[in-house]
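Enquirer: Residue numbers (numbering that gives the first Met the number 0), protein chains in the order written: chain A, 0 to 333; chain B, 0 to 424.
These are computed hints drawn from the structure, not numbers from a lab.
Be aware that one or more of the hints could be misleading.
[Unchecked claim] A short list of chain A residues far from chain B (calculated; beta carbon distances all over 12 Å): (1) Arg67; (2) Tyr134; (3) Ala137; (4) Gln218; (5) Gly281; (6) Gln286.
[What the hints assert, rightly or not] Not everything, but these chain B residues come out facing chain A in the computed CB check (under 10 Å): (7) Arg77; (8) Leu283; (9) Arg339; (10) Glu358.
From the three backbone atoms N, C-alpha and C, an ideal C-beta is built for every residue, glycine too.
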Amino acid sequence: MPPAPTSDWPAVQLHIVTGKGGTGKSTVAAALALAIASRGKTVLLCEVEGRQGIAQLFDVPPLPYEERRIAHGSGRAGGDVYALAIDPESAMMEYLAMYYRLGRAGKALDRFGVIEFATTIAPGVRDVLLTGKLYETANRNSRNKGARQYDAVVLDAPPTGRIAQFLNVNDELAGLAKMGPIKSQADTVTTLLRSRRTAVHLVTVLEEMPVQETADGVQQLHDAGLPVGGVVVNLVRPQDLDTEARTTLLRRTVDPAGVAEELGVARIDDGANLVASLLEEGHDHAQRRALEDEQRELVAGIGAPTYELPKLAAGIDLTGLYELAAELCEQGMA
Amino acid sequence: MTRATRAARTHPRVGPLAAVTGTEPALDVDALLDDPDHRIIVCCGAGGVGKTTTSAALALRAAERGRKVVVLTIDPARRLAQAMGIEALDNVPRPVPGVISARSQGDPLDPSSTGSTTGKPSGGSLDAMMLDMKRTFDEVVESQASAEKAAQILANPFYVAVSSSFAGTQEYMAMEKLGQLDQDARRTGRWDLIVVDTPPSRSALDFLDAPERLAGFLDGRFMRLLLAPAKGPARLMTAGFGLVTNALTRIIGAQVLRDMQTFVTAFDTLFGGFRQRAQRTFELLQADGTAFLVVAAPEPDALREAAYFVERLKEERMPLAGLVVNRASRPPEGDLSADRASAGVERLRAVGGTSPAAEMTAGLLRLHADRVRIVERETRLRRSFATSHPDVATAVLPALATDVHDLDGLRTIGDLLARSAGAGA
């Protein structure tokens, strides 16, 4: 890795990563956590959707409601990455134990189905519990004795379509809890989420719907007063052929004889059919690149810093994650 | 996620012992669409795999092959919604303009195309609608309660919150709407096929669990607890009751508790109705006339989700028609392997040619190697699905260069779906 420039987000402690389904937001969140750790920081990577996506990406057993060390940032100075799967039931029991010392009443709440009610039905409460736990990991206090301090927390967040609602916990609770402890809990969380210590990054791919949804998401975050971070363009096609080469491919003006000759140099003598099919693949690629470029311009128009990650032909494994993390470091996202 | 779901998801993924690594049977989409016994097709799968487009394409194809179709979409892309004439969210099915009915000429190979014994007019039609979750919920309340009581419920802040943001309401209301469309279809004969898109849930399983979860909530211990002061026998719970209400008052405040109690009391009389409706919808999904299509992309997450879903459908005895794998990379022509192509690139580099032709050739070889590797990976993922689920008929759709925004685009998808029969190998 070349000497990396400094991070674009030095003041940010809480990185929230969202994205439309299928854009790879979990992969990007994991890569970002690794990238931050490679700068010598201790990082916590959280998920809140009960999917065990982190465990699958890092190839470790399913995560419990407990911070576990799952990886080490690259390089000698690399810090550790811990992971936590936050589920609302456990967050609620922990919260009650930490703040109310309910004792027998806590168990009674569970027995009477109150915990299940609060975490699955009561609107907004689920999100307040999830973001509340997130807040706690970023602001360790004396109530959670001996808990680890993190330099940064990265959240694999709910998808773009739901992100503003998820983070806008106060609005969700409005009309339900106008006062009382839940309301003040939500207020504290909101203060952090709206501060410069937080950045909401959006992951997209260079296709129409995801780019449109990203632009909409940015607007909704702005409207809700939530800090927009960067836009990560994921799964970018290989950028092998330059504009000129692509233009000749699109116009079908490439000289097949020249390619055939070079294939001979490369000792691939599969005949004229191969030349024709390679040129066809090249044409197809150039066409898609042109469409991607249109979308790339729209992404640039969103006005947030952008980062690009390649589509790895081998798919995403631990090696791939470190590769993507190095990219993010180089581009200054971490 | 409910406890029940979690249990289902930890269920081991086991295929038949005789499973052979290999190819899946092909999904015959036209046979599925043409079979008059199929009255409902449900498209489900993880988010971002093209469910909405797939369901719209299937609906259009069925209509143009002579079925009278209504498609229920959840969240279509804006331009597609406009093309289908459903950009206004009014919860009512509207005719889609521009549907071409091939049946008007009659199909000699298909006896049902000329058969008018059932009293069906020849020629298909397509209606479409977009789900309005809150309005659907309101309509259910209005149909179940007296006008006065309904008004009281609709105004309750707790109801407003539950009906517009309760995780699962959208899934539940999609199923509710399906039930309504089915009743309408049977009563009026306006439709003979309903195609349903499912909400972009965190998990593809959510919509199956939603009715049960909502019914469970309405019938749950906590609701009974809130109703306890009003109901005699529930007084047996008194021992824990004081403890719980005290704790609740401390945590959420007395006002929220009062709102909840008002809501629950008002809702109490509707419980039976809701349970029955949820139960009926579930039975509708199990019925012979229903077919599930699981939609996925050739990615580990989407296929894992598809596998969970296939197993869950089996558990619930719900009829699975097959798997649609969208966005597959096109295999390149010829048999130049990725390794040979990469070795060729190395040789070109070693020779040091910098002519445009050399750069072009190296670039094309790198692209080819990349594409072959991606296709190989996708094929491996699909094979491993097929190995553990050998009986699931599959259609594989190549990735399109552009998004679909009009009926022509949907027709192309429909053609590809129908043609992919046999391409699964």
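Enquirer: Run every hint past the structure and note whether it holds.
Expert: Hints and how they fare:
At the 12 Å boundary, the C-beta of A/Arg67 stays outside the reach of chain B, the nearest C-beta of that chain being 19 Å off. With 12 Å as the threshold on Cβ separation, the claim that A/Tyr134 sits away from chain B holds: the shortest Cβ distance comes to roughly 17 Å. Distance check for A/Ala137 against chain B: the nearest CB is about 23 Å away, which clears 12 Å, and the non-interface claim stands. The Cβ of A/Gln218 lies farther than 12 Å from every Cβ of chain B, with a closest approach of about 14 Å, so its non-interface assignment holds.
At roughly 5 Å from the closest C-beta of chain B, the C-beta of A/Gly281 falls inside 12 Å, breaking its exclusion from the interface. A cut-off of 12 Å between C-beta atoms contradicts the statement that A/Gln286 is not in contact with chain B; the least separation is 6 Å. Interface restraint check: B/Arg77 against chain A, minimum CB-CB distance 7 Å, threshold 10 Å, status holds. With a cut of 10 Å, the hint placing B/Leu283 at the interface with chain A is violated, because the nearest CB-to-CB distance is about 24 Å.
Here the hint on B/Arg339 is kept, as its CB sits about 6 Å from the closest CB of chain A, short of 10 Å. Hint status for B/Glu358 relative to chain A: holds, with the closest Cβ pair at about 7 Å, below 10 Å.
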